[in-house]
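Chains as they are written, first to last, in my numbering: chain X, 1 to 128; chain G, 129 to 513.
Hints in this document: simulated from the structure, not taken from any laboratory. This list has only true hints and no planted wrong ones.
In silico DSBU-like pairs for lysine-lysine, Cα to Cα no more than 30 angstroms straight-line:
#, chain 1, residue 1, chain 2, residue 2
1, X, K60, G, K267
2, X, K76, X, K5
3, X, K25, X, K76
4, X, K60, X, K4
5, X, K3, X, K76
6, X, K25, G, K306
Each chain is listed here by its residues.
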Amino acid sequence: MAKKKILVIDDDPDIIDIVRASLQKEPYDIVVAYDGQEGVEKARAEKPDGIILDIMMPNKDGFTACHELKHDPACKQIPVLILTAVGQHFATTRYAKSQGLALESDDYVEKPINPQVLVERVRELLGG
Amino acid sequence: MIDDPQQKQRQESGTDVLIVDDEESIRQGCAQALTKSGFRVETVRSGQECLDFVAARKAAVVLLDLKMAGISGQEVLERLRPICPETSVVIITGYATVESAVQALKTGAYDFLSKPFTPAQLRTVVERALERYRLAVEKRRLQQEQEDLLLVMYHDLKSPLATVKSYLLLLSQHEGDKLSDASRTRLNRAIERTDTQLGLIEDLCMLSKLDIAGPNVVSEPVEPADICRQVVESFAELAAEKNVTITCSLQKNLPAVAWNRDETERLLSNLVSNAVKYNEPGGKVTVVVTAEDCSVKIVVADTGIGMSPEEQKRLFDRFYRIRNEKTRYISGSGLGLSIVRKIVDARGGTLRVESALGKGSAFTVVLPIHKGGSSRGKEENSRDR
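Please build the complete structure, drawing on both the sequences and the hints.
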């Protein structure tokens, strides 16, 4: 069976390193993007099986990127896990107010990353 | 999605006054008087039309008849608040019933006019209401700016530390078995210290957020029993570690309350956290939740180290922490109870402490069930008339 492909979008190379290391024993191919704009483009080109997405990034924040992906017929079925240092209440109230953007992701994991927890949540995200 | 300030401006100032009355003569009379004075006026005939109007377009001032067929003026008022909190609502009351006008003011109306009124009276009231609307919009803009700054600060303070802790957890989980016992202990200490620091950042930012915006204006139906169970559950591990038993006694059929979930969780977990941390081995923590007339009472009691009267006085000061040989190894930011106090005050509740050294402490929080106590409401209701 072909390996599943995960796109990790985060502007912090350390986080990309931690996500890679956390998932190293899992049967995934990892592709990366370093900002929201690059992330949306890569999602369209690479057609990953799942996306791990940061929120506060240059060149398009994660909520906007998520919104675009979820309204793109070619990408909307790809499950998205938000991985961010911003607590959910903080992020959603602020974005709901200023942009009318509801949280459209499939899961929300707060940093710091607990590698064991991340492995479980990514498995769930990809449907076992 | 794109913030166009000019478009926003247009939307916000599109209609100065929306007249809501089922009597045509009132609608026409008011509209004429106000249009002549240069106000941009629209009229609708019912509560439903008013709600539809403001859902699509903003109105700075709503002139609202209380006595209408269909949705009552009072209900329109209550449903307007969450949609457009800045709008100034002026009640038109035909019966000169002070009672209904007072009720309307209590639930957030800005002013009232009793029929019959002169065009001059109408203009004066509308001018003032419009000015209040402009101030409210400006205040919200400034708050938003401060909140945006706070979000950036929160993110920038937390991110590096979150990365450090992620690396430490990675080491511990992937390489922990290769370390000596002493090194593993040190690694765990490093993780604990980053946790304390992360907690301080969360608390500081939560407090700053409450300072800037008041309580989360968004109230939602919250099941206090669910939150209690969940919070108590989240402290099970810490309690077991400290050999403390937590029992939870929830009155059956507790009503759903119009609070904010996140704030309620924070309030409860700060109280339970203290009750567990400042306890003795073999000690007890009890959480009792009961419903009273229009409020819910939460008591968090412990059999812990207790506090002297002097300590109790300073308890809610920011960064105040009780320091003695028993508390030396207890970590915390000293902000937990300031946050509790802030949330309780903002929701119009009360907070009481009873404590005796060596015996334990009991914190009693009474919060009104309805959102009537929100700071915005209070502020406007206490306006001198």
